[in-house]
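Q: Okay, here's what each chain looks like letter by letter:
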Amino acid sequence: MKKILVVDDSSTMRRMVKASLQKLAEVKFEEASTGLEAIERLVLSPVDLMVLDLNMPDMHGLDVLKFMREHQIYRNIPVIVLTTRNDDSSCVAALAAGASRYMTKPFETQVLAAQANILLTYK
Amino acid sequence: MSTDESNSTFFAEFLDDYFAESDAHMTNARRNLLALESYVDSDVVELGLVEELLRSFHTLKGLSGMVGVREAEALAHEMESYLRTLREEKARLSSEGMDALMAGAQMLQQAIAARKEQSPPPNIEATIARLQAILPPSEEPPLQTAHMEETPAEVEKPVGSTSPENGRKLPQPITPSPPPPAQAQEPNPVRGSTADPSVPPSIVLNNVEKEKLHQARAQSKALWHFQFAPNTELANQGINVNTIRTHLQELGEIIHASPRMVSGGGIVFDFILSQVEAETQTDFDPTAKEIISQSGLTYSPFEEGLGDGGTGGRGDGLTAPLLPCTPAPLLLCTPAPPLPPAPGGATCHQDKNESSEQCSCIVFEDAIGRN
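Top line first, the protein sequences correspond to chains U and F. Counting from 980, one number per residue, gives the positions in the first sequence under our numbering. Counting from 641, one number per residue, gives the positions in the second sequence under our numbering.
Chain U with its partners taken away, still in its complex shape:
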């Protein structure tokens, strides 16, 4: 069973992401509504994939990413950044911070599921 951590300050958006990924076989979900909670979840229970929003209370998504990539035990966890930012500079900044994929909202459910699947399969 693979574990996916969905990080977004909107509960509706978290449900949308989970529903999109529900069709993947053998996955279960953890949720976090802030960047700090995402870090806490990682520490208390390892995950196989993270879907990460950027603009969140207390701790920006890019800072979550950088924190993960700076610490060995979280460095190899794949992260899909899912954000409303659709400009090139934001995409490049997220990739430079260690994002594995970059997708924008509104997103296509099938594309998100395919991205998640490939990351889980070849992790």
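Just so you know, the hints here were simulated from the structure itself, not pulled from any lab data. Every value quoted in this text rests on a predicted model; they were computed, and no experiment measured them. Every residue, glycine too, gets a C-beta built ideally from N, C-alpha and C. Take the hints with a grain of salt, since some may be wrong.
Said to hold, decoys possible - For each label pair, taking beta carbons as the anchor points, the in silico distance ranges come out as:
#, chain 1, residue 1, chain 2, residue 2, range
1, U, Ser1068, F, Arg732, 24 to 34 Å
2, U, Leu1023, F, Asp739, 39 to 49 Å
3, U, Ile1052, F, Gln746, 41 to 51 Å
4, U, Ile1052, F, Gly878, 44 to 54 Å
5, U, Lys997, F, Thr872, 21 to 31 Å
As the list claims (entries may be wrong) - Only pairs whose alpha carbons sit at most 30 Å apart, straight line, appear in this in silico DSSO-like list of lysine-lysine:
#, chain 1, residue 1, chain 2, residue 2
6, F, Lys756, U, Lys997
7, U, Lys982, U, Lys997
8, U, Lys1045, F, Lys730
9, F, Lys756, U, Lys1002
Dock chain F against the given chain U, drawing on the hints supplied.
A: Okay, now just chain F, sitting in the frame of chain U:
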């Protein structure tokens, strides 16, 4: 059925959730807009209010886009753009700006309500034009091309810079952030004791946080440093970083929050909190102290004065609160250097579907140095 139609049908199932969450955000936004009115034509605005408004409209923009309420998405985007100029001090809150925000919020509410009632959407052109008119000339990003949001701490100006707005010199950095210790050490799972006060944490404040700190000091608020070390035992009791955050928000305003790795793979969250008038507040009341104790928190005065010359004093006339625990002075540090570029270069492919406004950017595994 096309992919777009399939997607719309899929997310239509979430409309009730969307309406419920939109109601909550609009309630917060209306309250915060009313509070913001008192800052019209002022030199400064309450950054916390602006940030909360930004977050509400940002979330509304994202959710509205997902369920296809385009009018709401566009309005939220324009209000977000103006609020961002306020936060970045590129514009002053004018009466025209305040009126436009109020009108925008009202129209946003109507757009959401129209969808809920399955009635025709309102005409938003005049409101959009009004919101765009209050933006500085260089701050008119079209919806599909520039969604710049808040900037993370890493790319902010370093601590020690002078704010051109107030000409005030911020504390100079004392030492760069040390790397986390490499040696293994058993984390102490005992509630509330894993924060090691002998190791001063390195905290990097971004520009918004620095401004909040300035405002708190100007208003003679007491400043505290809280540390929370989460563990499974606490989590099983329902105590986690979110509940801690809620408790702290009841005690004051959280200026900064960040995680810090400690030896043995554990983690500590650092919070800087500002709280009421320093002249009258020297410690927390017994009820608050009990909550703090039960939550596994440790706290001490925020010794930000160390950054003013290393004397250990605040250097700003603040009354030093009582020491309920061993003080753990903070060092204001310069941001850590950015990570080196990904080996081989990150390859970004942007596929834009005009009809869905979808933009995907993909990087291949090898390009980001994954093992």
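Q: All hints are to be evaluated individually against the structure, with a verdict given for each.
A: Cross-check of the supplied hints:
no., hint, result
1, U:Ser1068 to F:Arg732: 24 to 34 Å, "holds (27 Å)"
2, U:Leu1023 to F:Asp739: 39 to 49 Å, "holds (48 Å)"
3, U:Ile1052 to F:Gln746: 41 to 51 Å, "holds (49 Å)"
4, U:Ile1052 to F:Gly878: 44 to 54 Å, "violated (26 Å)"
5, U:Lys997 to F:Thr872: 21 to 31 Å, "holds (24 Å)"
6, F:Lys756 to U:Lys997, "holds (24 Å)"
7, U:Lys982 to U:Lys997, "holds (12 Å)"
8, U:Lys1045 to F:Lys730, "holds (28 Å)"
9, F:Lys756 to U:Lys1002, "holds (29 Å)"
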